[in-house]
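So the sequences go chain by chain: D and W. For the first sequence, the numbering used here gives the first residue as 159, with consecutive numbering after it. For the second sequence, the numbering used here gives the first residue as 159, with consecutive numbering after it.
These are calculated hints, taken from the structure and not from any lab test. Worth double-checking, as some hints may not be accurate.
Stated by the list, open to error - Calculated from the model, a selection of chain W residues having no Cβ within reach of chain D, i.e. all distances over 12 Å:
id, residue
1, D202
2, E204
3, R275
4, N276
5, P298
6, G304
7, L308
8, A312
Claimed, not checked - Below, computed lysine-lysine pairings styled on DSSO-like, alpha-carbon distance capped at 27 Å:
id, chain 1, residue 1, chain 2, residue 2
9, W, K314, W, K291
10, D, K375, W, K189
11, W, K375, D, K314
12, D, K375, D, K291
13, W, K375, D, K189
All C-beta atoms, glycine included, are put in the ideal place defined by N, C-alpha and C.
Protein chains: 2
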Amino acid sequence: MLKNESSTARDRALDDPRPALPPIDVEEFRKVVRSRRSIRRFTDEEVPGRILDDCLELAMLAPNSSNLQPWEFYVVSTPAIKQRLAEACLGQNAARTAPVLIGIVARTNTWRANSQRNLDEWPEEKRPGIVEKYYSRIAPLHYNQGPLGLFGLAKKAAGLAVGLRRPVPRGPYSPCEMKVWAAKSTALAAENLMLAARAHGFDSCPMEGFDDHRVRKILGVPRDGIVIMVLALGRRAENGVYNRQYRFAPEDFIRRL
Amino acid sequence: MLKNESSTARDRALDDPRPALPPIDVEEFRKVVRSRRSIRRFTDEEVPGRILDDCLELAMLAPNSSNLQPWEFYVVSTPAIKQRLAEACLGQNAARTAPVLIGIVARTNTWRANSQRNLDEWPEEKRPGIVEKYYSRIAPLHYNQGPLGLFGLAKKAAGLAVGLRRPVPRGPYSPCEMKVWAAKSTALAAENLMLAARAHGFDSCPMEGFDDHRVRKILGVPRDGIVIMVLALGRRAENGVYNRQYRFAPEDFIRRL
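Bound conformation, chain D alone (with noise of 0.2 Å):
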């Protein structure tokens, strides 16, 4: 359940900076992915609010690029808002019927905010240096493509010459690759959420057949953001699978050196 609302990183931060493992059954995470379907109907169960909840705390547990945390989830479950979304899902049926669709939104231009968040909420005592030279000098720079991506060509040409002699950091160096970087870490937290939601019994499909125009409109996202999926959530309906799940041959995908 997602704590208590206005309380810092800091306060949220778990007492023992390094907790003992506990032991998991790992059968049990196999059920989660193994059951886990793209579901195209589903019930009129609504998804309870705590179960809602608890599927979003675990998602932004995902690991994500120097904690910038470039996501953002538009829930929505207004019937008339969901509506016009599933309208611009196309009408599609995994739209229609879900009870709660969530926009997963990936952002480019909060870092800036985010960096200065991470050195305000540091959740020990004492600020290392390396983590104060990171977010208030390493990542402006690195972040920061300057208009026109121009500061980006600038890095990358430096890291060409500099990369000759000895390895260095690339990128990202375009609005691009920020794109790309910010997707990442939004898909990251977007697998966990479906996870999640499977772990609570309920089921998921995420959506890129959308109308991505019709879709920023109605949900109110930002300029620099991206939606990376719609995602429909909700109870599998006894017909919401519609063929045999398969993968090709896993050594077509695994290069081993």
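Let chain D serve as the given structure and place chain W on it in line with the hints.
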């Protein structure tokens, strides 16, 4: 464990198209997510091959765009190669100490071959007309950006025109949007992989701070591949966690409509 590697997707599909949902202990899942941290130092302990394979199999069960599986996993455990890769990861502790490093790569050019493969390996006796149409006619239009991305631009213009009257699917409209598209599905798999390792009692560190040029060369990543992260994998060392976990206040990331 990875199934018989010479089998086809159809062989590997479950017999029952709609298997009964297993009861799941949600607390076991919460433990997986909550105990996962980005680990900066690992012990010398190897990750057993069967556990690594199980993690990879669970990774590849992540949802992904139209089942086009745009992901690849470069599993590096040969000491000499691993050492070079750790140097390309700027010598950071997580990379130096981990017994296994995995380059997780998103491919933007495998969608065409994998569309055909979805037709060839469709897991049901009868291939529905809509599936036939999707992989043979819609996907090749939808993901193709054409030389210099010109076809993507034309699609964007058409979408703008038709979209004035009714909701239309939009994008990917550019090589950049294809990168976001591929990185997104691949990140969903990466999150499964990290959680699976945790469920098995192992840990991970997703790294973005690496020399992309050198990493691509060491791994032999094709031109269209994007290294979305290098994942360090191993047994958490006692000093593997540097600070308490913290997230900003959830209400700043959740909009309710």
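A quick look at each hint next to the structure:
1. D202: Correct as stated: the minimum Cβ-Cβ distance to chain D is 18 Å, above 12 Å.
2. E204: 15 Å, holds
3. R275: Nearest chain D Cβ is 6 Å from R275 of chain W, so the label is violated.
4. N276: Since the minimum Cβ distance to chain D is about 9 Å, N276 of chain W lies within 12 Å and the statement is violated.
5. P298: At roughly 16 Å from the nearest Cβ of chain D, P298 of chain W sits farther out than 12 Å, so the non-interface label holds.
6. G304: 18 Å, holds
7. L308: Answer for L308 of chain W: holds, closest chain D Cβ roughly 17 Å.
8. A312: 17 Å, holds
9. W:K314 to W:K291: Measuring from Cα to Cα gives roughly 22 Å; hence the hint holds.
10. D:K375 to W:K189: 37 Å, violated
11. W:K375 to D:K314: 18 Å, holds
12. D:K375 to D:K291: Violated - the C-alpha atoms of K291 of chain D and K375 of chain D are around 38 Å apart, more than 27 Å.
13. W:K375 to D:K189: Roughly 37 Å between the alpha carbons, so the hint for K375 of chain W and K189 of chain D is violated.
Of the numbered hints stated above, those contradicted by the structure are hints 3, 4, 10, 12 and 13, listed in ascending order.
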